[in-house]
Structures are given as C-alpha cells and as structure tokens.
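Colleague: First to last, the protein sequences are chains A and H. Per the numbering used here, the very first residue in the first sequence carries number 1; after that it's consecutive. Per the numbering used here, the very first residue in the second sequence carries number 1001; after that it's consecutive.
Do not take every clue at face value.
Reference listing, derived: stretches of chain A covered by chain H, where coverage requires no fewer than 3 residues with Cβ under 8 Å from a Cβ of chain H [what the hints assert, rightly or not]:
1) 650-656
2) 672-680
3) 833-844
Using 27 Å as the maximum straight-line C-alpha spacing, the simulated BS3-like pairs for lysine-lysine come out as follows [to be verified]:
4) A:Lys705 <-> A:Lys95
5) A:Lys95 <-> A:Lys144
6) A:Lys785 <-> A:Lys705
7) H:Lys1113 <-> A:Lys785
8) H:Lys1087 <-> A:Lys685
9) H:Lys1087 <-> A:Lys705
10) A:Lys95 <-> A:Lys785
Simulated from the structure, these hints should not be mistaken for lab results. Since the model is a prediction, treat every value here as computed from it, not as a measurement. Just so you know, even glycine gets a beta-carbon here, dropped at the ideal spot from N, CA and C.
Letter by letter, the chains look like this.
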Amino acid sequence: MNAPAAAPVASLRDVTLQYGAVRALDRITLDLPAGSMVGLIGPDGVGKSSLLALISGARAVQSGRVEVFGGNMASAAHRGQVCPRIAYMPQGLGKNLYATLSVQENIDFFASLFGHGREERRHRIADLVESTGLAPFVDRPAGKLSGGMKQKLGLCCALVHDPDLLILDEPTTGIDPLSRRQFWELIDRIRAGRPGMSVIVASAYMEEAARFDWLIAMNAGQVLAAGTVQELLASTGADSLEAAFIALLPESERRGHKAVVVTPRPADHRDIAIEARDLTMRFGDFVAVDHVSFRIEQGEIFGFLGSNGCGKTTTMKMMTGLLPPSEGQAWLFGQAVDPNDLDTRRRVGYMSQGFSLYSELTVRQNLELHARLFQIAADAIAERIARVAERFDLVDIMDVLPTALPLGQRQRLSLAVAMIHQPAMLILDEPTSGVDPVARDAFWQTLIELSRRDGVTIFISTHFMNEAARCDRISLMHAGRVLVSDTPGALIETCGAASLEDAFISYLEQATSGAPVAGVPPPALAGNPAERPPARRFDPRRMLSFAHREGLELRRDPVRATLALLGSVFLMFIMAYGISLDVENLTFAVLDRDQTTTSQNYILNIAGSRYFSEQAPITDYADLDRRMRAGKLTLAIEIPPGFGRDVARGAPVTIGAWIDGAMPTRAETVQGYVQGLHTQWLTEKGGLAVPVEIAIRYRYNPDVKSLMAMVPAVIPMLLLLIPSMLTALSVVREKELGSIINLYVTPTTRLEFLLGKQLPYVALGMLNFLLLTALAVTVFGVPLKGSFLTLFAGAVLYVVSATAMGLVMSSFMRSQVAAIFGTAIGTLIPATQYSGFLDPVSSLQGAGAVIGSVYPATYFLIIARGTFAKALNFGDLQSSIVPLVLAVPVLLGLCVLLLKKQEA
Amino acid sequence: MRLSNIVHLGVKELRSLGRDPIMLVLIVYAFTFAIYTAAETMPETLNKAPIAIVDEDRSALSTRLVAAFYPPYFTPPLLISRAEMDKRMDEGMTTFALDIPPNFQRDVLAGRKPDVQLNVDATRISQAFTGAGYIETIVATEVAAFARRYRSETVLPVDLALRARFNPSLNKAWFGSVIEVINQVTLLSIILTGAALIREREHGTVEHLLVMPITPFEIMASKIWSMALVVLLADAASLIFVVQGLLKVPIEGSILLFLAAAAVTLFATTSLGIFLATAARSMPQFALLVILIILPLEMLSGGFTPRESMPVVVRDVMLAAPTTHFVSLAQAVLFRGAGISVVWPQFVALIAIGAAFFTVALLRFRQAISQMV
C-alpha cells in the first residue's frame, strides 16, 4: 500500500506560493498516496505548513493546481463539498482550540460544526476522550492543559467528524517524549480502526519520520526527494534519516555542517555560578514549580529537559528575576537574585522562548538597540556589532527584518543579541525549537565554544533528546518537579535504558504511574462516513454553535461583560447630568459711562436674571479688552454717556454689548438671553408696542429641561459605542491568535461565522438596553410615554447594526490596535455630531450631513425620542424603522465581503 | 535612570509605529479628513432650522411672515395644514411650527393683539431656545413694521448693538475644528501608548526588556516621549495645514504656546494610556476602558457643551481631567490671543495633573510588570 499506485488523495501540479518577496513553494508537483501515512520532513520555514494549508483549503491557491479527492481546491464549491471529509490540525500547541473553553466544550463545538445531533455528539465525545485518556479532564479549560494533552485534544477535535483525510502540522513539536510516544500510538490505533483514512503529517523530528509509510523531504520550497524510508536511506547511503536529509541538501547549505563534537570540560572545580534552593512558584492553587534546587558550576552547560508547561520557563524566569518566587531563593554568582539589581543583569544574557526580537527593527537595529541598552561605550558599538555579526554569520542580512528570516537565522540573531554585552552567563529558554538540524548543530557548536573557550556558564532548556545528551548535566522536569539530575551517561546507566529518551520515558512513567492511557479504539471511531449530513448553504445550527462558543468565552471573561454593563450605567449618569444647554452663571460686567438711575435700572435687569452673575465694573476699554481676553467675562455691556437723558427725551441711543465668541454654542445662547432681556426691559418701559401676542408652546418637554431631552438621546449613543467596541476585536483577535483557521477549514460559511459571533454581543447589548431604559424611567424619572415594543424592536435592529459595525472594522483591520482606533474614530464623531444628538441632522451640511442621513444612530435617536417624549408608536415611527431594517443586511453584507474564507 | 536608554527605547517605539501602515493611514485620516468633515458639517449659528407654517389667514401680512424666514437660518418654510403639523413634529421633521390664526391681519390692524402660536419641539434643545427667540423677534418686527404703515406708533429708540468678539460671525467651525483636534489628540495618545504596552506584553518583548539593565521608569518614559511626539507632530500639522490652511480659521494667538500646552497635556494622557494598559488584562478589556474614559473626556471638558451649563459636581470632577484645562487654554490662546501671563494657571494645572498621572501610572506599572511576564 505504500506505493502511490491507487488514485492519490491529493495531487499538486506546478504549485507556487509567494508571500511578498518570499517564495514559500516553488513549482511543486507531487502526488500524495491515499490510505497511507505520508510524512513531510524538513526544517522550519521550507514550506511544509504552506503545503498543508493548501491541501486543507485554508490557504488560497495562487498558481498551479491543487486537487484533493479528485477535485480542484481553487473551486469554492468543491471545497465546500470536501471540507467535511478533511480534518486539519494547524501548527502550534492548541492553536485552533479555545483556551477558556473546557475539553468537552471544545470537542462539542467542533462536532456541532459538522452537523451532528446532540445525542450523537455526546456519544462521540465520550468515545474520543476515553480513547485519548482525556476522560478525567473533560471539564478543564484547554488553556490549562499540558502541551501533550492539548495536542490530544486537538486530535479529538479533528477526528470528531470522521475525516477521510487527516492533516497534522507538526503535532508533536514541543511535547515530552512520553506524550509523543502516546500520541503516535493513538494515531496508529485510529488508523487501525479506520484503514481507509489518509494521514499527512509534517514533522521537524527526523527520528519520528521513520514511522511514516511515505516520506517527502522538503527544503527551500522544493521537494528534495519522495519515497519510502528505505528508498531514501538507500538512495543517500546514509544510516539515519537525519544524515540522509543532510545528504539531500544542496551543496551550498551542507557546506557549513559538521557533526557536533562535545569537548570534555576541564576537570578543575570552579565556582558556583548559578544556584537555586527550593524555588517554588504558585499561581493561585496551581503549583507551577515545586521546590526546585540545583547548582551550576561556572562554564558548565546545564540542561533542563521536559515538556511544555512543566515549569522550565517559569524556573528560568525566576532565575532572571522576572518573576519573584513564591518560596525559595536563587543566587547568580553568589549574589541573591534581586529584580532591582541592574548590575547582575549586565552579566546575564537571556534568550526567551520564541525569540522575542523586535520584528519592526532590522537585524542591525536590533543589535544596536541592545548594545546601547547594555551601555556599551558608543565608540565601541560599531566594532562590537561587526564582531558579533561575524561570529554569528549575520553579515549578509544586517538590513533585513527578522520576520523575513528563516527561524535558524532568527535564532542566531537572538543569541547574538543575548551575547552582545559579553555576559558571563547565558540563560536560554528552548532556543532550538523549530530550527532545522543543520542550524541546530551549528548553534550547538557555538554554545560549546562559548562554554569551553570563554568559560560562559550556559543554562539551557530543550525538549530535544539529542541536545540534552550534549549537556554536561541535565535535570529531568515534570509537572513542576525535578525528577532526577545527573550527567546524561549516568542517567542512561541508572535506568538501564538504551537511550536517553527511553530513560526519560521510564522516569516519566514512574512519576505519572497510573495515568490513564486506554488501549483499544472504541468501535464508534470507525463510523460510517456515508451518514454525513448533506452540506447546506446556511445552517442555523452551525451559526448557533459559533454563538454558543462566543457566549461561553464572554461568560469566562466576566470583567468584560461587567465593564460593558456598569460602564454604560456610569456613562449614562455623567452624560445625562453633565450635558446640558441650560447655561447659567455667565459672567458679565458693565462699563457704565452714564451712572444714572436709568442705566443702573438697565443693569439690574440683567444682573437680576438667573443667567448672569455680575462682576466688578469695567473701568475702561483696556480693562474690558484684558478681561475678555483672559476669559473672565462672557458678556461686557457698555452704556454710553447721556443714556438716561436720551431715554427720557426719546432720542436714539445705542447700548454696546460684546460677547465672547470663542465658543460659539455658548455665545449663541448668551446672545438670545441678552436680546430677550433687552426686549423685556423695553416692554417694561412701555417703549415697545408689539401688535401681536406670540404664544410659545414647548412641546414634548414643556419645562425645556435638558435631562428630559438628553436621557433618551444618550441611550442610542451608548448602545452604539459599547457594542461596536465589543465586536471590534472579535474577528481580528482570532486572526492574531490563529483560531480563525476554524473558519477556513470547516464547512462554516462566513455569514454563519459572523452572525454566530454577533449574537452573544447582541444579547449583551439588549441587556444593556433594558438596563438603561429601566434607569431612565426609574432613576432619571423620564417617562416612557410611547410604545415600549416599538422602542424594543428599534433597539434590536439598532444593536444588530452597531455590533455589525464593529464586525466590519474587525474584518477589515489586521491588528487589534488599528481595530480599536478605527472603531473609535468611526463611531465617536458620527454618534456625537452627525446623528442629531445636539444639532438636528437636517441642519447639517457637507459630508457630515450625508453620513448623518445614512447612519443608524440617526434613526434610532428619532425612535428613542419619539417613544420617550412624544408618546409615539410603531405606525408613527415606521419611516425610521425602515432605514434600520435596511442597515442590517448592508452592514452584514459588507462584513461578508471583507472577511476572507481562505488565507490569501 | 539613564537618558540614553530612554532615547534609544523611544526611537524603537517610533520605528515600530513606522512599520504599521494601516495605523499610519488611520492617524492621517483622524487628523485631516475627520477634522475637516466635522468642522465643515457644523451648522453655523441657527442653520437651516426646519420650520413649517400653518397659514389660516392667507392675507398680505401672513404672506409677508412666510417670506421672512429664509436660509441659512431657516429652511424655506413649508406651508402645511394643522393636521400635518402634529405628524411632522412627531416624526422630528419640523422643529418649529408657526400657526397663524384666521383673520390675523384684520385683528392686527384693529389693534386687537391676536395670538400667534409657535410650536417648538423641545427635545431639540440646541435649537429650541435660540430658534424660538429668533422667530419671536422676526414675527414681532415684521408685524410691527406692517402695522406702522397703517397706524402711527411711538417706539422707544434704544438699540442694542450686539457684537461677538474673537469670532464675529459665531462660525462654529472655528472652535469646532480646534476641539476636534484636541479630541483626536486625547484619543490617539491614550490608544497608542496603552495598546503598544499590551502588544509588547502579548508578543513577549516586555520580559526581554526587563532582564536588561533598564528600569520600569525608563521603559515608561520612552513610550511616553515617543508616542507624545508623534501625536504632537500630527497635532501641529493638523492645526497649521487643516485648521488654518484648509478651513481658513484665523488663529489670533501663538501656535507655539498652544503646542507647548499640548505637550504637557500629552504627558498626562499618555500616562493615562499606560495606566489603562496595566489595568486591563487583555486588548478587548482595554478597548472597553478606552471608551469609558474617552467619552467623558470628550463630552464634559467644555468642548462639546459649555462648562457653565454643567452641574457643580461634574464641573469639579472634570477639573481633574487634563482636557478641561487644555480646552479652556486653547480657547484663550488660539482665539482670544492670550499669552502666558493669562494662561499660566492652566499650565500649572496641566503640569500638576500630568505629574500625578505619571506617578500613579509608574507605581501601577512597576507593580503590574511582574504579572505581565
């Protein structure tokens, strides 16, 4: 069955994939045999993941032809048809899982996407967790699982819909050897239960490659060789796959490689460089590191070996002073680790997991920044950088951005950065994960040289066995505890094991004795694919499963929901009370050049009103000017000399009034007041005969109280700003964190995905609406005179529009920062200024008037004011409901257009 | 503390921002198009106030009244029936409805002082008062002038010459555009610093910094100066090219003095951004916090509605907000041409607020940093 004689499960013809200037896949032509386990081997960054993403349909085909199950993957119809038959587990531990959801909830979510009924799902989940040994942990959140368990959960999620093609991208990278062994046993059992299933696996572990039926060796976007293990070994004449792979590499890349030779350490005893005693770290009830003690001599290479999540990184962080230990103490060079001691930091180089370089700075800029931060003398920097660049072979790539570099070069850069200040000690946290064998060997050569020649103490963590074997001494860590500590040779000997891996596994088995690893695959796993429900264009159940999942995540982050609810209550209070147009206490002063009873009478008329408060009289024009410039006076009145006399005579006379126009809204109000008071005075004096009586009726709000008008207007504003901000990050966050892949590779349509994400926030928004309305009626005493049902219906439509606006931003933006900023500028100005909050939309002009006339807030504002103040019902407000009804499909359609169903 | 560290780390921040094209586009948009549109949209004084007239008299006088309302203050009046009046007001289409009764002209000329009813939609509080005052004056003047042709009346000739200083035509775009600039300054500075810190935490580079001989003070100071510089430059460009250039707003005072105040304000707002980033555990939480903070800052600092109209409690609380002082300073400097001798109290307040925010943020930052890793 190993020969690709039968129809291939996937075939590629001339496939090329380009990311900007980088060519990830270069004219690949390949047939993958069906029904077997195909391995893709090769270092990181050679195009393995890209190839798998193309086959799974997660990534769009650029050029060439990709066929899976006999159909073209560039066709959306074919993808829709075959994607229920494919399961894809992306690279990265639990990348497509939802960290806050439990094991059970994760599997249930994936199962529901493929349309299984509730009963069926319950069955399958029970079977899967039983067979993978996850049964005792079904209620644990995925984020709190160990690396191995996460991968098993990922596998459960992939297998829950009985795929015919299982695609695993580096499923065992970063997990401990025992879990790795269990994982492969599990895969073998599943394949035994479903013999027709094809499996494609990418792996960077050469030692794993031996289990695959068919191998594809890749390098630099090209296929080096394909065939069975025996064929590859035979063709290269190598005795191991690792050697075979190196032999297959082109001459130029192989040149630098030589086998790592560990020179023995000089026997003389040196000082203790690093010491830890009973280091313990607790996060809540969880003990991450449990009484760990060790001593490392100067110049020694000391290795920490263990799976992800076993406490290696936490221990290293405590050693660097990044984390204060809960208990115990650590010493560097005999000095207790003190987070505030900057001098010790100068003697330590630290390289964190995942090479946290500044991806926005070039290689040279990264080196320069660190050299400066370590206070290397300015004139020595250039020379130091040149030397480091030489040593770590970075000379040719000095002006490249780290993101454009393959992992091996990034790792060298990280080490160069950590070494720029010539520290006496290096703390390296998994510096080689994901790096290809050639680069890894070169890296080790450097480490050995540093240790032996320069006497640098190296404290390194790894999960590669062959690397652990190169350390002077190693500690095996598991679940926060050090199981054993000794030289690699002594460990193998004590256990009587054949290799370090076996020795480690036997220690692990002792430590986890009794851990459930079920033996037999339950029969249900061999389900019948013919029962698959037919694909549907829009499946409300899939939408609901996304909604259910998003809702669970929202519930697990109660801070966010609380902020949204309490925050809007808080904002309603300050805005309803704070925003008012009843201006009082305006300052005014008078330049009275007349000083008669008539002029004083005129002034009293103004001073006596509740709007103005009189200040010290103005002495002259200079005083007037100075005080107005300083903003001390809002209104200045000048009464001309002879005012009293002229009034008595009936001679024309003019009173001067200056208003501070710096803030026009306030000036307008003042203008109105002054005019009114003037007319009032004239009328009182009997000097104004108006032949008409003007009866002003202030409708809807007879007392013209700002609060009555403001409260109903604040509700639409808050119901826009907060729900749109809630959804603004929902999609872009999945893009940043990687779980967006579930949209790409499952039968979910974009509309199901978007509506599903939106529903919980619509529910939260409606809760918000009810809360605000209740507050308005009870606390603020603003009666709801019209139809509540109309208001409610309007609110539903409006909240759907508001959340859709956040989704639009989220679908369009690529970073979370941009999504926040974009949503803020897209909602704040239109909501406060173009929607009739203060100035009616009909009074606006220019672009703002256009925005205002299509903006949903405009119409909900009319509905809110209409139902609250004007006692209107559905029939009266139809003309405002219709635009809201239209806004929903328009906005959602825009989201669908902006969201991609495949990675571009 | 080392100045060079602060400088180098700040340069790093600038380079990072330079590599985020979408963010740069958004910044440019916020300081140009957004401000231009907002300023152009603002209605001047009483602009196109929707008015409708129910003319039950159909006389020469009522026709004269109808003709007295014209743009830009009012929309050309719509002649409607009484029944339509209620409907249009309910729908919010009409803010003012003037009802001229039957036999109006006859009664006026007979000196019977007939009633004219003016219906005002009082939910439109911004127009209700001012507009009603205008309409009252217009109706009174027109009717008086009409009557005078037929009867002689004595009028007390006391005139009121009302002038607005610093903005004679009360063009809202003048003040509005400056307020928009201030709003964008606040929004952008909070988001830039806060999100930069959260991003650094999410990408794990913060821990990298913490193992180097650098103090939290240096990290924070570097973020503050670099992001403040970006915002300040955008602020200056926007004021000179958009507000002064495109919108032709005459600026009376010293732009440099205004920018100095902006720099001090940025010290406070960027510190606030850092504080929010330490308070939020994730980007979504930060986003919500930003809205909760930015809304009161924008709406209650005196740029949206006059401070005089706010309740005393709100006014006093808002004294702690940097924007309150910045807005009042901007009015004084840019429009009234005030110098430092006038606005020094605002400067003192801004420096005090900035120092307080910075200290609190620094304490929080030190404390939170251990939980970030």
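Colleague: It remains to establish, for every hint, whether it holds in the given structure.
Modeller: Hint check results:
1. 650-656: holds (count 7)
2. 672-680: Contact hint for the stretch 672-680 of chain A vs chain H: holds, 6 residues under 8 Å.
3. 833-844: Holds: 9 residues of the stretch 833-844 of chain A have a Cβ under 8 Å from chain H.
4. A:Lys705 <-> A:Lys95: violated, 55 Å
5. A:Lys95 <-> A:Lys144: holds, 13 Å
6. A:Lys785 <-> A:Lys705: Between Lys785 of chain A and Lys705 of chain A the Cα gap is close to 16 Å, so the pair holds against 27 Å.
7. H:Lys1113 <-> A:Lys785: At roughly 36 Å apart (the allowed maximum being 27 Å), Lys785 of chain A and Lys1113 of chain H break the hint.
8. H:Lys1087 <-> A:Lys685: violated, 41 Å
9. H:Lys1087 <-> A:Lys705: holds, 23 Å
10. A:Lys95 <-> A:Lys785: violated, 52 Å
Checked against the numbered hints listed earlier, the structure breaks hints 4, 7, 8, 10; every other hint is satisfied.
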